[in-house]
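What follows is the residue order along each chain.
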Amino acid sequence: MADTQLPLWEVFTQAGHGAPHEHAGSVHAADAEQAMQNARDVYARRGEAVSLWIVPSSAIIASAPGDAGPFFDPGNDKAYRHPQFYKVPRGVKV
Amino acid sequence: MKGPANAGTGPAHAGTVPPVAGKREAEIANPLFEYLLRLGDDRLVLGHRMSEWCGHGPILEEDIAMANIALDLVGQGSSLLKLAGETEGAGRDEDALAYFRSEPEYRNAQIVELPKGDFAFTVVRQFLFDAYSVLQWDALQQCTFAPLAGIAAKALKEDRYHLRHSGDWMLRLGDGTGESHTRAQSALNDLWRFTAELFESDAVDEAIHENGVVVDLAAIQSRWQQTVGDVVRRATLTLPAAGASSSGGRRGRHTEFLGHMLAEMQIVARSHPGAKW
Chain C
18 MADTQLPLWE
28 VFTQAGHGAP
38 HEHAGSVHAA
48 DAEQAMQNAR
58 DVYARRGEAV
68 SLWIVPSSAI
78 IASAPGDAGP
88 FFDPGNDKAY
98 RHPQFYKVPR
108 GVKV
Chain U
840 MKGPANAGTG
850 PAHAGTVPPV
860 AGKREAEIAN
870 PLFEYLLRLG
880 DDRLVLGHRM
890 SEWCGHGPIL
900 EEDIAMANIA
910 LDLVGQGSSL
920 LKLAGETEGA
930 GRDEDALAYF
940 RSEPEYRNAQ
950 IVELPKGDFA
960 FTVVRQFLFD
970 AYSVLQWDAL
980 QQCTFAPLAG
990 IAAKALKEDR
1000 YHLRHSGDWM
1010 LRLGDGTGES
1020 HTRAQSALND
1030 LWRFTAELFE
1040 SDAVDEAIHE
1050 NGVVVDLAAI
1060 QSRWQQTVGD
1070 VVRRATLTLP
1080 AAGASSSGGR
1090 RGRHTEFLGH
1100 MLAEMQIVAR
1110 SHPGAKW
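So the sequence lines, in the order shown, correspond to chains C and U.
Quick note, the first sequence lines up with residues 18 to 111 if you use my numbering.
Quick note, the second sequence lines up with residues 840 to 1116 if you use my numbering.
To be clear, the hints were calculated from the coordinates, so they are not data collected in a lab.
None of these values were measured; they are calculated from a predicted model.
Don't take each hint at face value.
Unchecked claim - Some chain C residues near chain U, calculated using beta-carbon distances under 7 Å:
id : residue
1  : H34
2  : N55
3  : V59
A virtual CB, placed ideally from N, CA and C, is assigned to each residue, including glycine.
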């Protein structure tokens, strides 16, 4: 069934100054201003954020499910890519 | 329960209320209490009307937005009625004032009590009120009555957002489809005669000068007309011609709609007085 709703936007919230913007979810909205207001009402109404980023979902370039094998699997058997062979000096937390 | 504006309540400091020539109003026992009721009832009643959209918004996101706005307004009403109760000094808290006053004891302007209508009516009413409320809070946050100035500073932030939201919808509906334009214009036409009441002043507004509460309603009205005129023009809507206006809410004279709304709003509290949950 076709999506008859307004265009979709992805919402990123920043929890505090200096913290990264993290994906919070998405909203439907007719344009950027309405997307900003809807994102504020849906994801920041309880003081969760000090800043919002809004991106049209259509602007997101996502990897395809079929890419998962070639993209991600080879990472697992190359242990040398994980810096876990080093002894950590006492007092340093990892 | 005796209404605060009833004649013959024997006010201790009634002599401080300047007489208004040509008006046959009952003497106001406690003008500051009366003023806080007006501010609080506007928000409580409008908040209740907005809350009627909960679960009925046009889309999920707007439903949440309207519930947020309703909660902000009810919260403002609650703070104002609490302060009113303390000012009255008769042991009534915000719940007593909200749930155990009847229609003629309510002091809201009539515009806020009208039924929510369609989405366009709710948007236009909210916009007309938000534009007024922002100016009112801006003036009140500078008053020397500290508890009220504090409420005003907090409410101003909320109402600035409400105005951004309702002003944005004014443009969308007015400059949207043929149907949205027609509905928005029709709402504006229906609401226009209720707007003048927001800027009426009477003996209460005069008397509270001595509490440090001075609001220049004429200046607010002129700035309101600018804001409203600008948005209405950009929304490709037409300002209705000045005509007959409806008022009386500040003195407890309401449209037929408030009583029904209060019946629904108050039924639980009145059926189970003192109930806790």
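For each hint, the structure was consulted:
With its C-beta approaching chain U no nearer than about 19 Å, H34/C sits outside the 7 Å limit, and its interface hint is violated. The beta carbon of N55/C comes within 4 Å of a beta carbon in chain U, closer than 7 Å, and the hint placing it at the interface holds. Interface restraint check for V59/C: the shortest CB-CB distance to chain U comes to about 6 Å, inside 7 Å, so the restraint holds.
In this structure, the one hint that does not hold is number 1.
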